[in-house]
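In order, the protein sequences belong to chains A and B. With numbering that gives the first Met the number 0, the residue at position 2 of the first sequence is 1, and numbering never jumps. With numbering that gives the first Met the number 0, the residue at position 357 of the second sequence is 356, and numbering never jumps.
Hints were generated in silico from the structure; no laboratory data involved. Nothing here was measured: the structure is a model prediction, and the numbers come from that model. Treat the hints loosely; a few may be bogus.
Copies of the same chain look alike in the list, so a pair counts if it works inside one copy or between any two.
Capping the alpha-carbon separation at 35 angstroms, the derived lysine-lysine pairs in DSBU-like fashion look like this [claimed, not checked]:
1) 173 <-> 400
2) 132 <-> 180
3) 276 <-> 243
4) 87 <-> 288
5) 276 <-> 173
Protein chains: 2
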Amino acid sequence: MTKEFFSVTPVEKVFEYIAGFPQTSIETIDLLDAAGRILAEEIVSNIDLPGFERSTMDGYALRASDTFGASEGNPAFLEVQGSVPMGKKPDAAVSAGTAMRIATGGMLPDGADAVMMIEHTSEIDDTAIEVYKRVAPGTHIIRKDEDIRINTPLLGPGRRLRPQEAGIIAAMGKTDIKVYKKPLVGIISTGDEVVEADSVPETGCIRDINTYTLSAAIHLCGGLPRSYGIAGDQFDPLLTIAEKALAECDLLILSGGSSVGTRDLTIEVIEALQHSKILVHGLPVKPGKPTIIAQTGGKTVWGLPGHVASAMVIFEIFVKPCVRHIGGTTMFSNNHYSIPAVLSRNLSSAQGRIDYVRVRIVEKNGLYYAEPILGPSGLIRTMLDADGLVKIDMNSEGLVKDTVVQVMPFQY
Amino acid sequence: MTKEFFSVTPVEKVFEYIAGFPQTSIETIDLLDAAGRILAEEIVSNIDLPGFERSTMDGYALRASDTFGASEGNPAFLEVQGSVPMGKKPDAAVSAGTAMRIATGGMLPDGADAVMMIEHTSEIDDTAIEVYKRVAPGTHIIRKDEDIRINTPLLGPGRRLRPQEAGIIAAMGKTDIKVYKKPLVGIISTGDEVVEADSVPETGCIRDINTYTLSAAIHLCGGLPRSYGIAGDQFDPLLTIAEKALAECDLLILSGGSSVGTRDLTIEVIEALQHSKILVHGLPVKPGKPTIIAQTGGKTVWGLPGHVASAMVIFEIFVKPCVRHIGGTTMFSNNHYSIPAVLSRNLSSAQGRIDYVRVRIVEKNGLYYAEPILGPSGLIRTMLDADGLVKIDMNSEGLVKDTVVQVMPFQY
């Protein structure tokens, strides 16, 4: 058992490292499976959308000038030239003194420059209407390029595909898209005291929790988790399984090693991997100080603390952006809003480190309150009760009760 | 073309209807696939966790009373009885004047009641240490039931499984879990003007966008989308495909029908489905007023407006909670926080209806601003630029620039 000194790495530097990690390769998928995937190509508009002048109302296509002066007391009289069929070019044109029936989404006939809502008209007979209102040219019409103009850059690589992005790609006539492959993330739990979750632990042993928390977290941030089981605290078997996992995956997470002995083993194994370069050995954060980050031949290896809450917090703050980056997205893409909340108690912190405090978010009278969940980072209950994290900055000695803090809600 | 009068349904009533819809059946899955699924069973703690007294530090297990009076100048002297092996019951006990080496996560030996951090000790030789600090009983120890006590109710049906829930289930030794099946949601796009996304539209036609936006939205809220293609504006073929879809799916969405003619057709077809009961025909909201909700023999049918943004907004506000409810979750489960943001311009609204205004969220100087995206609800661009919705209440005439509004961010 040896003492240990961390030379901690500033967290900004960690994000710089992450931004430099290589991204996964590209695959083509069906647009119907686009949700949540990361686009890997440029989408430029190849058409005007909708592509023709469309009515946005049910009513009559007409010339606006024919309605000038029209009112309830003094209706304009127009001859009806038939109806615009949906999905077809109108077979007639509108000239002065005439109108055509048109439904929402119908194509404006030649000669017409506005649509009169049916509510402001009255049918005299099948071929004539009275109009009770004036409209300006362009009323209730979508111009042929009003939604999207041809040659407009729409989406680029790194964009996370929401329903609207899928919709716009469909509008371009594209039903196959290039996306980044989901990063395959290997997980190895370590520690002589860790046993399979489906076994009955001997006294002194504990079931493997981290494989399950990390698998779920990887899945929810767009990665594909793959468990390599549990490795004990011996160098050779751990190295063997780590080499196998690294050969198969884009990214490898070793979790465990809260004791100095196991931590020493983890770093030795990571150092022994081919082309290994240790980038980070210790972070100025709590929980999660003994975090390791390495690169080995273009792949990334994380050594996470064994304490269940520590591993989850480090995942949330650092590994998740890393998985997302490797999976093609920008590190802090959409849907990362912080929630202002009133802190329910004082929180103290040591200067020189960043604290990530687990909090519950409670709504009272339309206000959000952040209630810190205290307890050692070995307790999973503290994460179960938590809805997010509050950060206490490096240079702060703490946060004061009843002030508004920013909660980073868990994004799952 | 006929005039039409909606008898709109209050939105509270819609949520009451949704809460009454039957939920999907239950399936058993591997805990490694738990992320985002909805639990369908009770999980009660069957063990104390961790189950034994554990050290949270590397150091020495000892009796706190042996350290009373110890200081840098006056260290306590203790005999070392060997080391606690990880994952095993210690083979010795600690008595007065003795200590055992212990690593983080190790099991406390009998007789010991505290752990002294290694930093506050010094080895004299292999069998003796000096201790420079006092500790109280219980220091650096997790009690055997400190995380979870046996017979504690932990999770119940309807709970969405995050990484921490997966972890706690693993800790209970359970690696198969019962969850609600993902609701299978059928989608039919309607309208004579709508053509397949991978085809080249004739003049007057428009590619099917809604199938793609809805598929992605269904996927992202925990459903399984299934497209039934495009149906034209004829009663019999639409009824046939709707019957087929309803037979296969838990929920059916018809989208399209922005024109009165198509809307009439949609409601007629929904009415003609077996055991059909129309619950809602028109909502006091904008966009999306011509929304239809029906129940047919225990299944739910939605008629969404054809306008792409209208359909997406109605999905976000009403259909998403419906899919989630049918999929077993409570309607407004975790991760539904609103974001306070400064409104960048005045927004007017008519009394008697709820407006859902698309907004972009922009961060400036640490403050969020909500910038309304204006434009007809037929334009997909308005959704592409939006990050969420701002609600203008029924009895409000609008919202005022520079005031703080609550943005409902898109949850995808």
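Hints, one by one, checked against the model:
1. Proximity of residue 173 to residue 400 under the C-alpha cut-off of 35 angstroms is found in neither arrangement, the shortest distances being 53 angstroms within a copy and 40 angstroms between copies.
2. Proximity of residue 132 to residue 180 under the C-alpha cut-off of 35 angstroms is found in neither arrangement, the shortest distances being 57 angstroms within a copy and 54 angstroms between copies.
3. In the homo-oligomer, the alpha carbons of residue 276 and residue 243 lie at most 35 angstroms apart inside one protomer (18 angstroms), although the nearest pairing across protomers, at 58 angstroms, exceeds that limit.
4. For the identical chains of this complex, residue 87 and residue 288 are inter-copy neighbours only, at 26 angstroms across copies versus 66 angstroms inside a copy, given an alpha-carbon limit of 35 angstroms.
5. Proximity of residue 276 and residue 173 under a CA criterion of 35 angstroms is satisfied in neither setting, with 42 angstroms inside one chain copy and 38 angstroms between copies.
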